[in-house]
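What follows is each chain in one-letter form.
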Amino acid sequence: MHIPDGFLDAKTAIATGVLSFAGLGFALREARRTLPPGKIPLLGLSAAFVFAAQMLNFPVAGGTSGHMVGGVLVAALLGPSAGVIVLSSVLIVQCFMFADGGITALGANILNMGIMGAVVGWMIYALLSRFIPGLFGRIVAAVVAAWISTVLAAILCAGELAASGTVPWGIAFPAMAGIHMLIGIGEGVITALVLASIGATRPELLLRPASAEVPSARPYRSILVFGFIAAMGLALFVSPFACPWPDGLDKAAETLGFKDKEAEQRAIPAPVTDYKMPGIGSDAVATSIAGAVGTVVVFGGAWLLARSLVPKAKTANVESEPPST
Amino acid sequence: MHSPQHPRHSPDSAPHRLPAAAKFLLAMAVIAFSLFCPRGHFGYLLIPAAALLFMALPSRIRPWVLLKRLVLYEYFVLGAGIMVLFQPDGPMRLSVLLARCTLCLLAMILFTHSTPFGDILRLFGQLRMPRLLVTTLALMHRYIFVLSDETSRMRRARAARTFSPRRRLAWRTLSTIIGQLFIRASDRAQRIYEAMRARGWEGLP
Numbered sequence: 655m656h657i658p659d660g661f662l663d664a665k666t667a668i669a670t671g672v673l674s675f676a677g678l679g680f681a682l683r684e685a686r687r688t689l690p691p692g693k694i695p696l697l698g699l700s701a702a703f704v705f706a707a708q709m710l711n712f713p714v715a716g717g718t719s720g721h722m723v724g725g726v727l728v729a730a731l732l733g734p735s736a737g738v739i740v741l742s743s744v745l746i747v748q749c750f751m752f753a754d755g756g757i758t759a760l761g762a763n764i765l766n767m768g769i770m771g772a773v774v775g776w777m778i779y780a781l782l783s784r785f786i787p788g789l790f791g792r793i794v795a796a797v798v799a800a801w802i803s804t805v806l807a808a809i810l811c812a813g814e815l816a817a818s819g820t821v822p823w824g825i826a827f828p829a830m831a832g833i834h835m836l837i838g839i840g841e842g843v844i845t846a847l848v849l850a851s852i853g854a855t856r857p858e859l860l861l862r863p864a865s866a867e868v869p870s871a872r873p874y875r876s877i878l879v880f881g882f883i884a885a886m887g888l889a890l891f892v893s894p895f896a897c898p899w900p901d902g903l904d905k906a907a908e909t910l911g912f913k914d915k916e917a918e919q920r921a922i923p924a925p926v927t928d929y930k931m932p933g934i935g936s937d938a939v940a941t942s943i944a945g946a947v948g949t950v951v952v953f954g955g956a957w958l959l960a961r962s963l964v965p966k967a968k969t970a971n972v973e974s975e976p977p978s979t
Numbered sequence: 002m003h004s005p006q007h008p009r010h011s012p013d014s015a016p017h018r019l020p021a022a023a024k025f026l027l028a029m030a031v032i033a034f035s036l037f038c039p040r041g042h043f044g045y046l047l048i049p050a051a052a053l054l055f056m057a058l059p060s061r062i063r064p065w066v067l068l069k070r071l072v073l074y075e076y077f078v079l080g081a082g083i084m085v086l087f088q089p090d091g092p093m094r095l096s097v098l099l100a101r102c103t104l105c106l107l108a109m110i111l112f113t114h115s116t117p118f119g120d121i122l123r124l125f126g127q128l129r130m131p132r133l134l135v136t137t138l139a140l141m142h143r144y145i146f147v148l149s150d151e152t153s154r155m156r157r158a159r160a161a162r163t164f165s166p167r168r169r170l171a172w173r174t175l176s177t178i179i180g181q182l183f184i185r186a187s188d189r190a191q192r193i194y195e196a197m198r199a200r201g202w203e204g205l206p
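Heads up: the sequence lines are chains A and B, in that order. Heads up, the first sequence is in the numbering used here, so the first residue is 655 and it goes up one at a time. Heads up, the second sequence is in the numbering used here, so the first residue is 2 and it goes up one at a time.
Don't take each hint at face value.
Restraint-style ranges between C-beta atoms, simulated for each label pair [stated by the list, open to error]:
(1) B:A161 with A:H721: 18 to 26 Å
(2) B:A161 with A:A946: 18 to 26 Å
(3) B:M93 with A:G692: 55 to 63 Å
(4) B:R154 with A:A715: 27 to 35 Å
(5) B:A50 with A:R784: 52 to 60 Å
(6) B:R132 with A:G881: 21 to 29 Å
(7) B:F87 with A:V950: 27 to 35 Å
(8) B:I48 with A:I877: 46 to 54 Å
(9) A:A664 with B:L54: 21 to 29 Å
Simulated from the structure, these hints should not be mistaken for laboratory data. Glycine included, C-beta positions come from ideal geometry on N, C-alpha and C.
All chains, please: the whole structure from these sequences, using the hints.
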């Protein structure tokens, strides 16, 4: 989901840049305040870990393969602020060392994958694992969180592409959300399997109070700030399209100064924006319903997966040695 | 793992010796020019293309390597390109998008291939990026190849010991490798911390 250069226009690039700059800055300040000095090298090593883990290809049907993104995994293991720093580092290195992901889209990529993908995922994970106890609860929570956050990140990405005028919302939203509802299942299953394997060999890395950060240090502050940034992202790039008021978008386009693009579109005999409106609406509604149904289905699947993983992990611990390699 | 940034790979040429800041500004200029050039005027795109060619020729990066990396990262462009095609003037939009993306990608590929990441880190430091982030990036740069090699070693070890696994088992073994990788990384982080303390490190200033 790395957006390359050329897909975002100036206003989207600047808005996402400001939001992720604020998010990363806050994460760094929080980490300076709450992270014990002994955990500072863990940030760099975790970033290298995410990078190395993304090299492993998981076979999917039909000869294709995919890899883990690891946002929720890292946020679940290290906590929200450390998670944002680790994932931003991964994205910065991928941009500056491997030219993967555009430099003008770096802000959008950090916002989508670091803040939306990982921190919002962590919030769902922390909330769910509070209600369902033990390793079992953590696995259920991780699957649901990974799925929801993957889909949310894709929706935000679609919103950014649509706000830039690259791909219209009516195409980008169903395509991105639909594909990532499937990808999110893979991400959720991998996250669950990895957490189960860590829980089987080194449960103390997992069953701490959900973060490497000092627990007493006002956790609601980071939830508030990261939640606000994620909500701002959704409000800026998704709500103008999701709301049934096309005037709002026109107005925004006018004030933000891409009216010439609008004019360019109007010059075409049958403006897509007008006659496709009912189609877009029903497509979006269908996708939203699919999302709601999907969440319930994923929750049920997560429950079954966790059930099959946890007792097995326990017996494996007793019967044979944990895999040493 | 093949990468221009791998410590074993250190070519030398005129562009490699330029200061990182200059190369970064040049890459940014090319990217800005390609992004802001008016739509439908392909002629303008020749200017950044010429600048790139001017940088690429003396850098002695083999064209085949450039092309391979370009194709590797063009997947998103093509994936999103399919969505672009559904619009009324799709082919036109797609060709503009492809031209812009290719130029920007080439600029970044040339920049990253001719600038060691250590120089980029020093540039980040000069730009007053927070110390914690620079430290994290530096440690990541140091251990990225160590952990990548460790991953392929674990994968090779697994392949040597098991027969061709079924798909479900493949997912479990791969996930176990990732889990092990995290455990090893966090143990290594602990040892690094102790080594840093032993050398007199007392937290970030």
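Check: Which numbered conditions among the earlier hints are violated in the structure presented, ordered from lowest to highest?
Finding: 2
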